[in-house]
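Visitor: Chain B: place on chain A using the hints.
Protein chains in written order, with the numbering used here: chain A, 3 to 125; chain B, 149 to 355.
Hints were generated in silico from the structure; no laboratory data involved. Yeah, the Cβ is synthetic: ideal placement off N, Cα and C, and Gly gets one too. Be aware that one or more of the hints could be misleading.
As the list claims (entries may be wrong) - Residues of chain B clear of chain A, computed beta-carbon distances all greater than 12 Å:
(1) G191
(2) Q249
(3) R251
(4) R273
(5) F279
(6) D301
(7) P306
(8) S308
(9) I316
(10) P317
(11) D318
(12) D324
Claimed, not checked - Just a few of them, taken from the derived set where beta-carbon distance is under 7 Å, the chain A residues facing chain B:
(13) P68
(14) S75
(15) A76
(16) M119
(17) L122
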Amino acid sequence: MSEPERQKKQAWEEGGPERLYVLTSGRQPAERQAPLDMVTLIVSRGEAGPGMQPELAAIVRICDYPLSVAELSAYLHLPVSVVTVLLTELLASNHVEARASVPAKSLPDIELLEAVMHGLQNL
Amino acid sequence: MDYRISEPVVGPRGEDILPASVTTAVKVVIVGGFGVGKTTLVGSVSEIRPLTTEEIMTQAGAGVDDLAGVERKSETTVAMDFGRITLNDELVLYVFGTPGQQRFWFLWNGLFEGALGAVVLIDTRRLEDSFDVMGRLEERGVPFIVAINAFPDAPSYPVSELRQALDIPDQVPVIDCDARERGSSRDGLLTLMRYLHTLTTTTAEPR
Chain A
3 MSEPERQKKQ
13 AWEEGGPERL
23 YVLTSGRQPA
33 ERQAPLDMVT
43 LIVSRGEAGP
53 GMQPELAAIV
63 RICDYPLSVA
73 ELSAYLHLPV
83 SVVTVLLTEL
93 LASNHVEARA
103 SVPAKSLPDI
113 ELLEAVMHGL
123 QNL
Chain B
149 MDYRISEPVV
159 GPRGEDILPA
169 SVTTAVKVVI
179 VGGFGVGKTT
189 LVGSVSEIRP
199 LTTEEIMTQA
209 GAGVDDLAGV
219 ERKSETTVAM
229 DFGRITLNDE
239 LVLYVFGTPG
249 QQRFWFLWNG
259 LFEGALGAVV
269 LIDTRRLEDS
279 FDVMGRLEER
289 GVPFIVAINA
299 FPDAPSYPVS
309 ELRQALDIPD
319 QVPVIDCDAR
329 ERGSSRDGLL
339 TLMRYLHTLT
349 TTTAEPR
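Isolated chain B (complex conformation):
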């Protein structure tokens, strides 16, 4: 990634411009391990070509990233893909895909603040990737649902087994999802919203 200043900055394409009347932006976050389909999900549901935003990571990878041969590299960048859905004349939804590995958790500080909720995307071939992520979301009080991305060669487990294996609380929805399909990705976001709705209407009860 290079940061350019000499080239003219190109803004959104004509068809990607938000209406001037939009006043409110909300966000949801798609979390999961590397290669689990976050970028695919963002791309399938976004009305714009997904964009990439970056943040600088300074020595956050110390002891984790292999620095052999590049010892002088003290900073690196972490990319997050995001897409956009204009919901009506006033409201726009941003969908961020962010890495779930522990060394990227510093990114969560700004990202989960004010997020409506999160979708934890799971690849049944690598369940362990999502375990820490869910614990971290619970710690932060970020409501989430679990979506199992259907990879053709991935083992299929009954939802009850996955719940047990991943220690997913009973009330948290677990759904199947095909991140490549717009309708399926959209349904994943809808499941999250319905779950949030339920949580909000039952806030009087202790969790």
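Just chain A, same shape as in the assembly:
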């Protein structure tokens, strides 16, 4: 491959802004909706439809069982911010549901902490 060609290919594959813009159709994460945290668990509500954008279909397929936003980002090889945009669309079309992570509070619940400690002790 000639040098300019190689550079061109790399620019695309390295997740340049152009490609990520295409993936998300230029959409921004919806600010008003419940924010998706790195550990919000996503579960599919059905099967991927025909003609669905490949990235969206992939999410629906692998969220057969609960997966966090961070795990989706890792498996899809996409930045969290891009995954969040794609999930916003899938949530709006009811293809997936989000199991809300524990709401941010200044200090967590005692019972939650005790459950975490108990789980860690059993490791």
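Guide: Chain B in isolation, oriented as in the chain A frame:
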């Protein structure tokens, strides 16, 4: 890092699938300078092979990252390793390792929101790396403990000296840790949880 779309997306391996009954996910964050052992700690305590998630950094490295020869590169990615511990049928804990350098602080916005707390991992050969990190956590009101990762060739200081050198508040636990050992990493997380428990049961008192 390349972002692929043409290859089929491979999800978790069979043994890595979370039970469908899991409803709640919580997270803790491991913070520290480069090479301090964050990735090692995540790997030793995680039930899954640690995964890497990325975020785009746009011009955040301006004036910091050496852009000589790559001036046109306007964005880069920052990687965070994370692992997972299924605590019971309903509860799962995610452990994120994130860079402590100031230029990565933009990452903290999403990451520390809703985190139970943080473990500041320290290498006694480079104490200064952790100083800013602790200040930043205090500013944000993120409770943390300090874990000294035991590198064989690192100088050993009494905890009281480290406290003084790093200006660690008296109530913040400081422990020794071997990030390579699962039990030791687990104990670090337990120390954090016990500390959070203490904080929660004494919230009536002003901090």
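Visitor: Look at each hint and say if it fits the structure.
Guide: Hint by hint, here is what the structure shows:
no., hint, result
1, G191, "holds (14 Å)"
2, Q249, "holds (19 Å)"
3, R251, "holds (17 Å)"
4, R273, "holds (29 Å)"
5, F279, "holds (24 Å)"
6, D301, "holds (29 Å)"
7, P306, "holds (28 Å)"
8, S308, "holds (27 Å)"
9, I316, "holds (20 Å)"
10, P317, "holds (16 Å)"
11, D318, "holds (19 Å)"
12, D324, "holds (18 Å)"
13, P68, "holds (5 Å)"
14, S75, "holds (4 Å)"
15, A76, "holds (4 Å)"
16, M119, "holds (5 Å)"
17, L122, "holds (5 Å)"
When held up to the earlier numbered hints, the structure conflicts with none and fits them all.
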